[in-house]
Structures are given as structure tokens and as C-alpha cells.
Amino acid sequence: MPKARLTREQIAERAALELPDGAYVNLGWGIPNLIAAYVPSQVTVYFHSENGILGMGPRAKPGEEDFDLVDAMKVPVTLLPGGSYFSQDDAHVMTRGGHLDICILGGLQVSEHGDLANWRIPGAKGAGGIGGAMDISVGAQKLIVTMEHTAKDGSPKIVKTCSYPLTAIDCVDTIITDLAVIDVTPEGLVLREVAPGFTPEEVQKFTEPKLRYSTNVPAMRLQPR
Amino acid sequence: MPKARLTREQIAERAALELPDGAYVNLGWGIPNLIAAYVPSQVTVYFHSENGILGMGPRAKPGEEDFDLVDAMKVPVTLLPGGSYFSQDDAHVMTRGGHLDICILGGLQVSEHGDLANWRIPGAKGAGGIGGAMDISVGAQKLIVTMEHTAKDGSPKIVKTCSYPLTAIDCVDTIITDLAVIDVTPEGLVLREVAPGFTPEEVQKFTEPKLRYSTNVPAMRLQPR
Amino acid sequence: MTSKEKVYPTIDAAVADIPDGATIMFGGFGGAGFPNNLIQALARQGARNLSVISNNCGTGEGELGLLFKNRQIRRVVAAFPGPGAKYFQEQFDAGEIELELVPQGILCERMRAFGAGIPAFFSPVGVGTEIASGKEERVIRGKRYILEQALGADYAFIRAYRADHMGNLIYHKAARNFNPIMATAAKFTIAEVEEIVGTGKLDPEAIITPSIFVDRIVQAEGKRYA
Amino acid sequence: MTSKEKVYPTIDAAVADIPDGATIMFGGFGGAGFPNNLIQALARQGARNLSVISNNCGTGEGELGLLFKNRQIRRVVAAFPGPGAKYFQEQFDAGEIELELVPQGILCERMRAFGAGIPAFFSPVGVGTEIASGKEERVIRGKRYILEQALGADYAFIRAYRADHMGNLIYHKAARNFNPIMATAAKFTIAEVEEIVGTGKLDPEAIITPSIFVDRIVQAEGKRYA
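Chains as they are written, first to last, in the numbering used here: chain A, 1 to 225; chain B, 1 to 225; chain C, 1 to 226; chain D, 1 to 226.
FYI, nobody ran anything at the bench for these hints, they're computed from the structure. Misleading hints may appear alongside valid ones.
[Claimed, not checked] Mimicking DSS-like on lysine-lysine, the simulated pairs with C-alpha atoms at most 30 Å apart in a straight line are: (1) C:K69 with A:K74; (2) C:K4 with C:K187; (3) A:K74 with D:K201; (4) B:K125 with B:K210; (5) C:K143 with C:K4; (6) A:K142 with C:K143; (7) C:K201 with D:K201; (8) A:K160 with C:K135; (9) D:K201 with B:K160; (10) D:K143 with C:K135; (11) C:K201 with B:K74; (12) B:K142 with B:K210; (13) D:K135 with B:K160.
[As the list claims (entries may be wrong)] Not close to chain A: a few residues of chain D, all C-beta gaps over 12 Å, as computed: (14) E5; (15) T10; (16) A16; (17) A47; (18) S51; (19) L66; (20) K86; (21) Q91; (22) I118; (23) E136; (24) D203; (25) F213.
All C-beta atoms in this analysis are idealised placements derived from N, C-alpha and C, irrespective of residue type, glycine included.
Use the sequences and the hints to build the structure in full.
In C-alpha cells form, the structure reads like this:
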């Protein structure tokens with residue numbers, strides 16, 4: 001029986017620890033959308049939504065929804081004190097202009113050079129859709145990708161060169177998966193943490209490009225230090 | 001004794017008749033600044049100021065000035081009902097983006113091709129200053145220049161080619177002076193009206209490029225028809 | 001006070017003169033701020049062969065969906081047509097609709113450029129991706145950029161919260177989204193609004209779309225969400 | 001609630017770390033919206049060799065005039081330095097100050113581009129004039145344009161009406177002018193404000209500068225007009 005990898009919620013929990021106090025943050029579709037619930041209590045961050053919200057709060061309670069106040073995933077949300085509304089073009093002044101401290105997106109593939117593919121599976125039916133991910137990827141001061149380490153067929157999603165349509169090149173700073181935390185550096189991929197119970201060598205097996213790591217790679221943190 | 005040309009106020013009065021009902025209008029320095037007082041009572045126009053005002057009203061009465069509500073000439077003004085405030089970049093979205101129906105600027109020289117020079121006298125001391133005139137000139141749906149027909153030394157200000165530093169090329173639609181109303185057309189300058197008591201031939205004498213005119217050029221209108 | 005009356009008596013009257021072949025921008029994102037009354041009136045009016053610019057392409061018959069169902073649309077510029085855009089997806093798969101897929105922020109920026117008199121600009125978005133295909137690339141101060149073109153339209157159909165009679169607009173929460181920028185980028189802007197108030201009743205400091213960008217206003221009916 | 005405290009106790013503290021050689025944007029137009037308290041604090045602080053970006057260059061010792069009088073400024077980007085800018089004009093005539101004269105709307109647009117991540121854009125303004133000198137010209141869809149570059153700064157010194165503790169800003173009438181756009185175009189924005197209110201006290205629909213663009217806030221003293 002294979003060892004248990006982290007759950008999607010645990011990936012989100014680990015990713016939440018990357019948010020510094022006072023940061024302006026955009027969270028994308030998928031695992032990133034789970035992160036807000038795990039922000040440590042002593043940390044205050046401000047969530048941006050590319051449809052024109054800064055200071056977005058939790059989802060609206062059932063019965064209290066305002067369908068004019070939705071996030072980028074059409075989910076009714078709330079606004080925290082100090083939040084503001086603005087137009088979509090101003091929302092993307094914030095993304096593309098480099099004003100967001102950290103953005104966390106889902107991923108289909110990440111290359112060893114930090115290229116990201118996350119908007120379309122080759123050969124998929126339909127028109128596809130880019131949304132805001134390209135603008136967010138190029139503009140983020142720090143871009144974190146959260147995803148499962150391997151695809152459903154077991155093939156690595158961290159690859160030498162992305163074979164899927166690209167979202168942006170040379171944009172990813174850190175990858176957080178169900179097996180590891182990996183930094184993209186000019187010297188290549190650096191294995192910073194491994195999932196509890198896994199060894200660096202095991203993580204390397206599920207990763208196409210070569211990982212650099214020290215002799216003592218710590219286990220992934222799942223609670224605030 | 002030379003015949004009496006129009007006064008600056010009369011030039012403004014004539015220019016005011018060019019404003020159609022419902023127009024959004026920017027008025028520049030000099031004679032244009034006198035025009036608002038002459039808008040016919042049955043016509044409503046909305047004045048734009050490039051420092052971020054739409055729906056600007058008359059000058060503030062003495063004792064009622066708010067020095068945070070000034071026009072582009074630093075003069076305390078008022079805001080009419082339905083007016084709005086916005087930032088300087090948005091003010092120039094309106095100018096450059098072609099949203100203003102009519103702009104009326106002062107002029108130092110206008111060429112027969114509609115080039116305008118109005119920001120600097122060659123050899124003048126000091127740094128000079130462009131202000132908003134270049135943005136306004138290129139963006140106006142219709143650009144009218146009001147000025148004296150000749151310079152203080154008697155030389156024509158309507159010329160074949162401007163010798164002064166240009167504000168914008170190919171931008172002037174109509175010139176209103178103390179001697180004439182002249183349209184800039186692809187076929188050249190067309191004399192539309194002459195000042196009362198003057199003949200087209202007299203106006204031509206004070207104008208460097210050739211004017212086209214019919215046998216019956218009407219006198220300049222100074223009251224609403 | 002307004003000399004050119006901008007308030008139209010009915011929604012149908014507000015769209016009566018839209019010609020076949022027009023290019024129309026539609027505000028709205030994620031279910032909020034779509035001009036659903038105007039869309040439904042345009043379906044009744046029947047203009048065909050339309051080019052549309054919109055983030056989404058409808059959900060079933062809702063939002064833009066109705067215009068696709070009626071086969072009134074020939075060409076689309078969108079950032080995220082959407083999996084729920086049933087009629088669009090069917091016609092796209094059948095090769096009946098031309099689609100230009102644009103990153104969302106660049107969709108905004110190309111419209112803003114048009115409204116601001118900027119014909120083209122360099123952008124970092126999409127460099128090295130299929131979005132860059134056919135576009136001029138240039139290195140500026142050491143970084144790679146592609147050249148994007150301004151995007152305008154004949155009409156903008158937008159949704160606002162309140163208008164005054166002069167055409168000033170304010171919006172409601174995240175229903176603002178694409179509406180203000182489209183108002184600047186179309187030759188002619190038609191706004192459906194929840195409430196029309198007297199000129200002077202909106203706070204001049206809080207007006208989001210100044211009247212200069214609005215040509216026609218009409219009272220929306222109950223259908224806030226299609 | 002704000003974890004990174006942005007409110008500074010004194011005006012002098014708010015500008016204490018400005019280094020020699022910094023590039024600083026200053027809001028204000030026609031006497032309204034100048035950050036006169038910050039300007040006077042910077043005069044006391046004494047940073048030298050500054051590059052400044054401002055529509056005007058002061059009136060006598062007022063507004064930016066004091067910094068010119070103190071010879072703290074080496075380079076200027078401006079649209080209309082102004083005939084009343086006595087100290088600037090003297091030093092300009094003496095060849096002691098480098099000036100880049102920019103059309104007012106392009107000054108705005110170059111700053112907006114910087115804040116929006118756009119490195120350069122084509123513009124119709126100044127085509128065929130001395131402004132076009134040295135700039136790439138291109139015909140796009142039949143019209144002539146010149147290429148303009150984004151304009152950023154290390155700091156923006158701005159003036160607002162009200163701030164909340166988080167850094168959201170609203171302005172007062174035409175004192176808004178260049179202030180909001182400069183807040184987006186500088187790495188670090190310092191705002192002097194007439195009033196600081198509790199977070200949540202500003203209407204989220206009417207906030208002009210969202211908190212993300214503001215790094216430091218300080219209560220202005222009486223000197224609204226220098």
C-alpha cells in the first residue's frame with residue numbers, strides 16, 4: 001500500500017504559512033481557494049479578487065448572499081471593514097502592475113524554469129478560457145503554485161519543459177504539492193520540505209527534473225510555528 | 001484711421017455660437033476663457049477642466065471660494081448639479097480619447113493645414129510649459145482656435161507653415177479672429193464670415209495663405225440667431 | 001436641465017436602432033452586473049451577425065446565452081467563455097463562431113486604451129505563450145513584451161445601480177466590474193439602471209462613470225440576474 | 001486591525017528615510033492638492049540631488065518652490081513648471097537643473113502605464129512637434145503615433161482628504177488631480193491627509209485610492225495651501 005500523501009486541505013494549510021503579515025494576496029481556482037480558512041490567527045492578509053474587490057471576507061452565509069458581491073469563482077462572499085470596490089481594469093492594474101505581494105494559483109504543469117501551465121489541457125473539448133491567470137502570473141511579486149505532485153496517471157506535473165499550453169513563463173517562485181515544497185531558483189529546483197514520511201529520493205522519483213537538496217530536508221510544516 | 005476690429009469679448013461672443021446644445025466642452029487660456037459668459041440661454045453645455053472636473057460652473061463669488069475647487073487656470077470655480085470630480089489621468093482619457101465634442105484654444109499661429117502653435121514663442125526666456133493643450137488638441141472632436149488675426153507687429157498669425165513650436169499638427173477645424181471665421185478644409189482655408197465692415201479682400205491681406213470664399217461672405221454673427 | 005434627453009422610456013426603445021453587424025461590448029462578470037434587460041431586448045429586436053466583447057458567453061439561456069441561442073452572434077472576444085455557455089460552446093465546436101480568447105486583464109486594458117486614445121501598448125502578459133502568436137515582441141529595459149492593440153466597439157451595453165438624468169452612474173459592489181471601462185471604449189453607451197435619480201442627487205466625489213461616457217439610460221426591470 | 005501600521009506619528013518621521021538621489025512624485029495642480037506638509041518636512045530633512053516629477057515647480061517659496069530654493073532638486077519632469085516658479089526658473093536659466101517637459105495628459109498616462117505594468121505605449125500627442133524628437137514614430141491604422149515610456153518613481157508624496165488606518169484614501173474636489181495616479185506609480189507612497197478615520201469608516205464604493213497603493217499616512221497640519 002502506498003504511503004499517504006497530503007490531502008488538498010493539507011496542501012492549503014501548508015500554503016497558508018507562506019503568507020506574511022500585511023500581505024495583499026490573490027488566490028486562484030482549486031486548492032488555492034481552500035487556503036483562506038487556514039491563515040494563522042496572528043496574521044492579517046488582504047484578499048484581492050480580480051473582479052474588483054480588495055479586502056474580501058469569507059463566503060456569505062446561506063440566506064445572506066448578495067449576488068452583486070461575488071468572487072472570481074461566482075461565489076457570494078463578504079467585504080471586510082477597510083475593503084473597497086473598483087472596476088475590473090483597476091483590479092488588473094493591481095495584478096499586472098506588481099502590487100500584489102503573493103498570488104497562489106493551481107497548476108497543471110510547472111517546469112524547472114518556473115514556467116506555468118494551468119489553463120488548458122491539450123485536446124480538451126470546447127473553447128477553453130484564460131480568465132485572469134495570465135495577468136496574475138506575470139505580475140505577482142511572489143507566485144506560489146499549489147497542486148498534486150503527479151497527474152492521475154502518475155506522470156510528473158513538475159517537468160523539464162511544459163507540454164501543456166503555457167500560462168506564463170519564468171513566473172513560479174515556489175511549488176507546494178502533496179509531497180513537497182520546492183523553490184524555483186536560478187540554479188534549478190530546490191527541495192525545501194518533504195511530506196511527512198517521505199524521503200527526498202522518493203520525491204525525486206515523482207519529479208522529472210533534478211531536485212537539489214541538502215542532507216537534512218525537513219518535513220512539511222502543517223501548523224504555525 | 002483703421003477700421004475697428006472685434007474686441008476679445010466679441011470674438012468670445014461669436015465663438016460661443018459654435019457650441020451645440022448638449023456639448024461637452026473644454027475652454028483654454030486667453031480668449032476661450034471669456035466664452036462661457038456668452039453661451040446662449042437656450043443652449044446647455046458641460047464644461048470640462050483637465051484637472052478633473054466635468055460640469056464646471058461659473059467662477060466662485062468673492063468670499064465663497066474653495067481653493068480645492070479651481071479650474072486649469074487656478075481660478076476658484078463652482079460645480080453645477082450633475083457635475084463630477086475625477087483624477088487628472090481620467091480627465092485626459094476624456095481629452096485624448098476623443099470624448100470632448102468641442103475644444104476652444106487660444107493660438108499664436110495656425111497654418112493652412114490646421115497645424116497649431118500656441119505654447120511657446122521662439123526665443124522666449126524660461127523653461128516654457130506645455131500644460132494640457134497638446135492632449136486637448138489631438139483629441140478634440142472639433143477644435144476651434146480663437147485669437148487676434150494678426151500679431152502685435154501686424155504680421156499674420158494665419159500662416160502657410162508655423163514658425164513657432166507646434167502644439168499639434170492637422171488639428172484645427174475653425175479659426176475665429178477679430179476679423180473672420182475661417183474653416184480649415186482639405187481644400188484649404190475657407191472664409192466663412194468676415195467682421196462687420198470688412199471685405200474678404202481686406203481679410204486676405206492680413207492672412208498669409210490663400211483664402212477661398214464665395215462672392216457673398218456674410219458678416220460675423222454676434223447674437224444668437 | 002439636461003438638454004439632450006438621455007433617459008429612454010422603454011428597454012426596447014433603447015436598443016431599437018442597433019443594426020445588424022454591430023460590435024457590442026457587454027458588461028458583467030460572474031453573474032453580477034450583466035445588462036440582462038438590454039440583452040433580452042436585443043434578443044427581441046433581432047439584430048444579427050453581431051460581434052460581441054464580453055468576459056463570459058452566458059450560462060444556458062441566461063446572460064449572453066440567449067443571443068447565442070438565437071444565433072445572433074458571429075464573432076466573440078472573451079477571456080472566459082465559460083463551461084456553462086451551452087449555446088456558445090455548441091456553435092463554437094461546430095465552427096460557426098469565431099473566437100478571440102484574451103487574458104482578462106488585457107481585455108480590460110485594450111478597452112481602456114481605446115477609450116484613452118492609445119492605439120497600442122506593450123504588455124508582459126502572454127509572453128512565450130500562444131497568446132503571443134502573431135504579435136510583435138520587443139525587449140524593453142531587459143524584459144520581454146508583446147504589442148497589444150486597442151479594442152473599441154460601436155456600442156456598450158452596461159448595467160449600473162443608479163443614474164441621474166444627465167447620465168452619471170454609480171454601481172453596486174462587484175457588479176461594477178467591466179461596466180465602467182466599456183462605457184469609455186464604445187462610440188455609444190446604453191446603460192440599464194436600477195434607479196434613475198434627479199440630476200445633482202449623486203455625490204460628485206463618488207460618481208464612477210461621468211455623464212460624458214453615457215448616451216442612453218433606461219430603467220431596468222426586475223430581472224437583475226438572468 | 002491593520003497588522004502593518006501605516007499611520008506615522010509626525011510629518012518629519014514620515015520622510016526621515018528619504019535618501020539623497022531619490023526620484024519623487026508630487027501631487028497637486030493649480031494650488032490644490034499639493035502635499036505641502038511633506039514638502040516642508042523634506043526641506044527640513046535635507047535630502048539632496050533629487051529627481052522630481054510634478055505638474056508644476058512651485059510658486060515662490062510655496063509648494064515645490066522651497067525645495068528649489070534649498071537646491072535639493074537636480075532633475076525635473078513637468079508639464080507646466082509655471083512662470084511663478086521663481087527658484088526653478090532661475091536655476092533652469094543658469095543651466096543647473098535638467099528639465100524634461102511632458103504634455104500634461106502624457107505625464108499622467110506614463111505614470112498610469114508604470115502602475116499598470118505597461119512598459120511603453122503609442123500616443124497621438126506631440127506627433128510632428130518637438131515632443132516627438134528622438135521617439136519612435138509608427139503609423140497604426142492610418143494615423144501617426146509616437147512611442148512613450150512608462151514613468152515610475154521611488155516615492156510618491158501625495159495629499160488626500162481622508163484616510164482610514166488601512167490606507168484607503170478619498171480626496172476633496174479638484175485637489176484629487178495627480179494624487180491617485182502617482183500613488184499607483186511609485187514604489188512607496190506617503191500620504192498627508194486632513195483626517196484619519198477608523199478602518200471601515202469610508203464608503204467602500206467611494207474609495208478612490210485602495211489601501212494597496214498607500215504605504216505611509218500622516219496627519220497634515222494647518223498648511224493646506226503653502
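Here is how each hint holds up against the structure:
Taking the CA atoms of K69 of chain C and K74 of chain A, the gap is near 23 Å; set against the 30 Å cutoff, the hint holds. For the hint pairing K4 of chain C with K187 of chain C, the CA-to-CA distance comes to about 17 Å; that is within 30 Å, so the pair holds. Restraint check: the Cα-Cα separation between K74 of chain A and K201 of chain D comes to about 27 Å, which is no more than 30 Å; the hinted pair holds. For the suggested pair K125 of chain B and K210 of chain B, the alpha carbons sit about 33 Å apart, so the restraint of at most 30 Å is broken.
Straight-line distance between C-alpha atoms of K143 of chain C and K4 of chain C comes to about 49 Å, which puts the hinted pair past the 30 Å bound. A distance of roughly 17 Å separates the Cα atoms of K142 of chain A and K143 of chain C; the hinted pair therefore holds under the 30 Å criterion. Taking the CA atoms of K201 of chain C and K201 of chain D, the gap is near 22 Å; set against the 30 Å cutoff, the hint holds. Of the pairs offered as hints, the one joining K160 of chain A and K135 of chain C holds, with about 26 Å between alpha carbons and a cut-off of 30 Å not exceeded.
A C-alpha spacing of about 61 Å is found between K201 of chain D and K160 of chain B, which places the hinted pair above 30 Å, so the restraint is violated. Proposed proximity of K143 of chain D and K135 of chain C is supported: the alpha carbons are some 19 Å apart, at most 30 Å. Between K201 of chain C and K74 of chain B the alpha-carbon distance is near 27 Å, which keeps this suggested pair within the 30 Å criterion. A distance of roughly 23 Å separates the Cα atoms of K142 of chain B and K210 of chain B; the hinted pair therefore holds under the 30 Å criterion.
Proposed proximity of K135 of chain D and K160 of chain B is supported: the alpha carbons are some 26 Å apart, at most 30 Å. Chain A draws E5 of chain D into its interface by the beta-carbon criterion, the shortest separation being 9 Å against a cut-off of 12 Å. Every CB of chain A is more than 12 Å from the CB of T10 of chain D (nearest about 22 Å), matching its label as outside the interface. A16 of chain D, annotated as away from the interface, keeps every beta carbon of chain A farther than 12 Å; the closest lies near 21 Å.
With a minimum CB-CB distance of about 25 Å to chain A, A47 of chain D clears the 12 Å threshold, and the non-interface call stands. For S51 of chain D, the shortest C-beta to C-beta distance to chain A comes to about 21 Å, beyond the 12 Å cut-off, and the non-interface label holds. The claim that L66 of chain D lies off the interface holds: its Cβ sits roughly 31 Å from the closest Cβ of chain A, which is beyond the 12 Å cut-off. At roughly 37 Å from the closest C-beta of chain A, the C-beta of K86 of chain D stays outside 12 Å, upholding its exclusion from the interface.
No beta-carbon of chain A comes within 12 Å of the beta-carbon of Q91 of chain D; the shortest separation is about 34 Å. Listed as outside the interface, I118 of chain D is inconsistent with that label: its C-beta sits roughly 8 Å from the nearest C-beta of chain A, within the 12 Å cut-off. Non-interface call for E136 of chain D relative to chain A: holds, since the shortest CB-CB distance, roughly 23 Å, exceeds 12 Å. Taking the minimum C-beta to C-beta distance to chain A, about 9 Å, the non-interface status of D203 of chain D is violated against the 12 Å cut.
Not every CB of chain A lies more than 12 Å from the CB of F213 of chain D, the least distance being 7 Å, so the non-interface label is violated.
Going down the numbered hints, you'll see the structure goes against 4, 5, 9, 14, 22, 24, 25, while the others check out.
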